[in-house]
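Participant: The listed protein sequences correspond, in order, to chains A and B.
Heads up: the first sequence at position 44 corresponds to 44 in full-length UniProt numbering, and the numbers run straight through without jumps.
Heads up: the second sequence at position 457 corresponds to 457 in full-length UniProt numbering, and the numbers run straight through without jumps.
Keep in mind that the hints were calculated from the coordinates and are not lab data.
Keep in mind that the hints are not guaranteed to be accurate.
[Said to hold, decoys possible] Below, a list of computed lysine-lysine pairs in the DSSO-like style, where the Cα atoms sit at most 30 angstroms apart:
1) A/LYS367 x A/LYS424
2) B/LYS38 x A/LYS156
3) B/LYS40 x B/LYS241
4) B/LYS334 x B/LYS259
5) B/LYS374 x A/LYS241
6) A/LYS256 x A/LYS334
7) A/LYS40 x B/LYS265
8) B/LYS291 x A/LYS252
9) A/LYS351 x A/LYS256
10) A/LYS265 x B/LYS259
11) B/LYS334 x B/LYS367
12) A/LYS156 x B/LYS334
13) A/LYS269 x B/LYS424
14) A/LYS259 x B/LYS291
15) A/LYS265 x B/LYS351
16) B/LYS252 x A/LYS409
17) A/LYS27 x B/LYS156
18) B/LYS241 x B/LYS156
19) A/LYS259 x B/LYS256
20) B/LYS265 x B/LYS409
21) A/LYS256 x B/LYS27
22) A/LYS367 x B/LYS259
23) B/LYS367 x A/LYS409
24) B/LYS291 x B/LYS334
25) A/LYS265 x B/LYS367
26) B/LYS259 x B/LYS291
27) B/LYS269 x A/LYS265
28) B/LYS40 x B/LYS265
29) B/LYS156 x A/LYS259
30) B/LYS424 x B/LYS265
31) B/LYS252 x B/LYS265
32) B/LYS291 x A/LYS31
33) B/LYS40 x A/LYS256
34) A/LYS291 x B/LYS40
35) A/LYS252 x A/LYS156
36) B/LYS252 x B/LYS367
Letter by letter, the chains look like this.
There are 2 protein chains.
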Amino acid sequence: MEIASANHEKSGPITRGLAWLEIMLGKFKAKVIEVARKTKTVGQEDPRRIIHSLKVGLAITLVSLFYYFEPLYDGFGVSAMWAVLTVVVVFEFTVGATLGRGLNRGLATLLAGALGFGAHHLASLSGEKGEPILLGLFVFLLAAAVTFVRFFPRMKARYDYGLLIFILTFCLISVSGYRDDEVLDMAQRRLSTILIGSATSVLICIFIRPVWAGDILHNLVANNMEKLGIFLEGFSAEYFKTSEDGQSNHDKSFLKGYKRVLSSKNSEKSMANLARWEPCHGRFRFRHPWKQYLEIGTLTRQCAYKIEALNSYLNSEIQMPIKMRSKIQDPCTKIISEAGQTLNELANAIKTMTRPSSVDSHIENSKTAADNLKALLHTGLFEETDLLEIIPAAAVASLLIHIVTCTEKISEAVQELASLAHFKSVEQTVTVPEQPQIVHQVTEQPFSSNAEPHHVITVDESSTGSPENENEPVLKTG
Amino acid sequence: MEIASANHEKSGPITRGLAWLEIMLGKFKAKVIEVARKTKTVGQEDPRRIIHSLKVGLAITLVSLFYYFEPLYDGFGVSAMWAVLTVVVVFEFTVGATLGRGLNRGLATLLAGALGFGAHHLASLSGEKGEPILLGLFVFLLAAAVTFVRFFPRMKARYDYGLLIFILTFCLISVSGYRDDEVLDMAQRRLSTILIGSATSVLICIFIRPVWAGDILHNLVANNMEKLGIFLEGFSAEYFKTSEDGQSNHDKSFLKGYKRVLSSKNSEKSMANLARWEPCHGRFRFRHPWKQYLEIGTLTRQCAYKIEALNSYLNSEIQMPIKMRSKIQDPCTKIISEAGQTLNELANAIKTMTRPSSVDSHIENSKTAADNLKALLHTGLFEETDLLEIIPAAAVASLLIHIVTCTEKISEAVQELASLAHFKSVEQTVTVPEQPQIVHQVTEQPFSSNAEPHHVITVDESSTGSPENENEPVLKTG
């Protein structure tokens, strides 16, 4: 240390300054490179982000034209600024969010403007001394009450922003009224500029490369299901091979994909809330059954919890003996493959919005395999072995049997979505040419044997399905 | 139907009108009662909500005084409205959120105001024709760039609101400058009114019954742990008794408590982000290790996933034979009770901010019980029984062994929190009078044997603990 500082002192202030500058420049360069790298990552992860940024820039620039052009400016004056502010706070990534905020802002301004005007009028009747006191009281009561209403879960989910703007506009109109007698004029200017800002945002958001919350939810739910399918495929290969090959060096990243499913509840919920604001678009009607996606999401997550448990046996210290492993391998891999195919097909059915055609046969197969597994365990094949060594295998077997139940529930929920959202039916022979059980399957599936999806319920009622199948669609459409 | 309508026709328009009015009044009354009931529920769930609402009302009323009093009004004029708006948008439920928004708004206004003024000046140099074009270009570029930056996960977590206000203020100042030549004056007025609004919000938020995000996170993490403990207690009673008593009719609501833990990730994350804004308060320093709570939360959730799997065996159709159940009952209940006590004590340690004293002995006990369970399974006690019937028992046993590992990990994370946050040590004899392993435990726990928490690291290094224990605190404080 001391030698170094002695060298420094010898080299003089200019050399030291240059060295310091060089270090700083190096650090700055590294920082710039890091930021550039991150920017690239953020953009590559989802290119729609770049487009969204440009859209926001465009909307703000368009609205600020009010300021530059004389004839437009003369109509609104300084209030034109509200239009710019509105675009900044209303323009969101998804159409649902933008529409929700725009409508909230517009309606809240309208209502609160009227109420504020009323409050101003009422207060002005009470004379010069009473006016500020009465106005203060109104503002206090309204702000406190509306702030409390924001805690109601239902209001929070859909109208939180509107309630905020309600307080804001009420204060603005009623309090300003004390100084400025042109309250009505001001309220009207505020409302019209806000409407212009909201309309610009919504139009640009919808007509230039729109991002629909409904699409995001739709794909999220389907992809989550797919991730579970991918895990199951990988699990089968991993669990029944490692002990033979020793340490397997495959890329195990596909085994991590399902982890995101575990914590997807909140994003599904908020997307479903936003999707409800969206008009009909692409393959979705205005009142698309978004709630049913949450149902499917919940069931998918329940399946993911089982898979999380399954995953812990991949790295368990207690490895079961190879001979036992090979005995249960057949029914286990059958269950895994059938359950994986079920999930993949359900995910695909949602993505393509067609009724899942061969899912029932996959579920039947997985149930048969589960019964085989049970029977195999029943025969007491393992009596000679140590029970401790069987535990992981038994736990895996038990989890797999549970997963079969889970996939069945998911399938039911997807079938319900298919009927609620009028999914298209596809020709069985086209989608599942390799299925031997086609005939059996058609009789079992009232949905997929029906060419006109809009008459599903009638077909259901006349079919000889189980009582649950008969009642469900009727109840849901009642 | 027809008879009813015939009766209606007979009764004349007045009677019908009255009947309709009665129905409407009834409906209205029912609606009012429902809203009142809901309001009561929302208030009772968390009485701080009522206080928060009153605080917001007070803050807005205080700031609107600017308008009513001549001397205050003269300083700011119409701009005083910005102070009211600032209170409305800045005042949040927790101190962290209010401070975060206030600081974001203040700093963003300062920076964007300066930049906007610069842009206005630069544009005005380019002549009358070039000015609007150049201003438009600046606004477009800045809005697009900053909107894109909002997608960076780190920026989004802490500075999202600031970035929004940055765009807003930049547009406001640079665009307004085109018409209004007193830009500097306007920027300064905007800044000072926003500072007044933010300061009022922050002061009222902190000094009148504050709600700290840190407190919420702290209690959330501790309560989640406690919920798992409660489940384990209930599980033990439920699983080993139902088959003897037949259908047990106990209240099973305590078995549902853990479900919330599964989806607590997002609230923990956002609270940790908000807590970082908060100054030192109560038992927390300014740089309290909030990140460590997330670590503990993640491990707790991993334990909750195992418990979710465990829960499915409570209602499993395959019930294991009573004689087998009674054989494994002892080690299983021991594991459950020790793991439950570990979780409860850890939760309590966090709540009271004292070092957990008897946790290590509970973990040791649960490990011993797990070994006993393994040994019991090892002896092949169950060879005569059907393997299929053993599966649920084996799965439960396996899950319990996993839960022991989980609680150990949680304990390590809590110990690290205890050392990072300098938890108090308590006299061992006071807290655990019934523990026979006190002597053993003191030698094993470098933290709790140390009376001065601030010298933990020195004690650690000189102690004869394992290498991991020695290195960890050193690394963390380096």
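Participant: State for each hint whether it applies.
Facilitator: Tested hints:
With a C-alpha separation of about 27 angstroms, the suggested pair A/LYS367 and A/LYS424 falls inside the 30 angstroms cut-off, and the hint holds. Proposed proximity of B/LYS38 and A/LYS156 is supported: the alpha carbons are some 14 angstroms apart, at most 30 angstroms. For the suggested pair B/LYS40 and B/LYS241, the alpha carbons sit about 39 angstroms apart, so the restraint of at most 30 angstroms is broken. With a C-alpha separation of about 24 angstroms, the suggested pairing of B/LYS334 with B/LYS259 holds against the 30 angstroms cut-off.
Distance restraint check for B/LYS374 and A/LYS241: the Cα-Cα separation of roughly 26 angstroms lies within the 30 angstroms cut-off, and the hinted pair is therefore satisfied. Between A/LYS256 and A/LYS334 the CA atoms are separated by roughly 22 angstroms; this keeps the pair inside 30 angstroms, and the hint holds. Restraint check for A/LYS40 and B/LYS265: satisfied, since their Cα atoms lie roughly 28 angstroms apart, inside the 30 angstroms limit. Proposed proximity of B/LYS291 and A/LYS252 is supported: the alpha carbons are some 28 angstroms apart, at most 30 angstroms.
A distance of roughly 22 angstroms separates the Cα atoms of A/LYS351 and A/LYS256; the hinted pair therefore holds under the 30 angstroms criterion. Restraint check: the Cα-Cα separation between A/LYS265 and B/LYS259 comes to about 12 angstroms, which is no more than 30 angstroms; the hinted pair holds. In summary, the hint linking B/LYS334 to B/LYS367 is supported, as the alpha carbons are separated by about 10 angstroms, within the 30 angstroms threshold. In summary, the hint linking A/LYS156 to B/LYS334 is not supported, as the alpha carbons are separated by about 45 angstroms, beyond the 30 angstroms threshold.
A C-alpha spacing of about 41 angstroms is found between A/LYS269 and B/LYS424, which places the hinted pair above 30 angstroms, so the restraint is violated. In summary, the hint linking A/LYS259 to B/LYS291 is supported, as the alpha carbons are separated by about 20 angstroms, within the 30 angstroms threshold. Restraint check for A/LYS265 and B/LYS351: satisfied, since their Cα atoms lie roughly 28 angstroms apart, inside the 30 angstroms limit. Among the hinted pairs, B/LYS252 with A/LYS409 is consistent with the structure: their alpha-carbon atoms are about 24 angstroms apart, no more than 30 angstroms.
Only pairs whose Cα atoms come within 30 angstroms are accepted, and A/LYS27 paired with B/LYS156 is accepted, the gap being roughly 25 angstroms. Between the alpha carbons of B/LYS241 and B/LYS156 the distance comes to roughly 51 angstroms, so the proposed pair goes past 30 angstroms and is violated. A threshold of 30 angstroms between alpha carbons decides the hint, and for A/LYS259 with B/LYS256 the separation of about 23 angstroms falls inside it, so the pair holds. Straight-line distance between C-alpha atoms of B/LYS265 and B/LYS409 comes to about 18 angstroms, which keeps the hinted pair within the 30 angstroms bound.
A hinted pair counts as satisfied when its Cα atoms are at most 30 angstroms apart, and A/LYS256 with B/LYS27 does not qualify at roughly 53 angstroms. Simply put, A/LYS367 and B/LYS259 have alpha-carbon atoms about 28 angstroms apart, close enough for the 30 angstroms limit, and the pair holds. For the hint linking B/LYS367 to A/LYS409, the alpha-carbon distance of about 37 angstroms lies beyond 30 angstroms, and the restraint is violated. A hinted pair counts as satisfied when its Cα atoms are at most 30 angstroms apart, and B/LYS291 with B/LYS334 does not qualify at roughly 33 angstroms.
Annotation: proposed proximity of A/LYS265 to B/LYS367 is violated, straight-line Cα distance about 34 angstroms (limit 30 angstroms). Proposed proximity of B/LYS259 and B/LYS291 is supported: the alpha carbons are some 23 angstroms apart, at most 30 angstroms. Between B/LYS269 and A/LYS265 the alpha-carbon distance is near 14 angstroms, which keeps this suggested pair within the 30 angstroms criterion. Distance hint between B/LYS40 and B/LYS265 is fulfilled; the C-alpha atoms sit about 29 angstroms from each other, no more than 30 angstroms.
Among the hinted pairs, B/LYS156 with A/LYS259 is consistent with the structure: their alpha-carbon atoms are about 22 angstroms apart, no more than 30 angstroms. For the hint pairing B/LYS424 with B/LYS265, the CA-to-CA distance comes to about 28 angstroms; that is within 30 angstroms, so the pair holds. Our distance criterion of 30 angstroms between C-alpha atoms is met by B/LYS252 and B/LYS265, whose separation comes to about 25 angstroms. Annotation: proposed proximity of B/LYS291 to A/LYS31 holds, straight-line Cα distance about 25 angstroms (limit 30 angstroms).
Of the supplied pair hints, the one linking B/LYS40 and A/LYS256 is violated, its CA atoms being roughly 45 angstroms apart against a limit of 30 angstroms. The hinted pair formed by A/LYS291 and B/LYS40 meets the criterion: a straight-line CA distance of about 28 angstroms does not exceed 30 angstroms. For the proposed pair A/LYS252 and A/LYS156, the alpha carbon gap of about 41 angstroms is over 30 angstroms, so the pair is violated. Restraint check: the Cα-Cα separation between B/LYS252 and B/LYS367 comes to about 28 angstroms, which is no more than 30 angstroms; the hinted pair holds.
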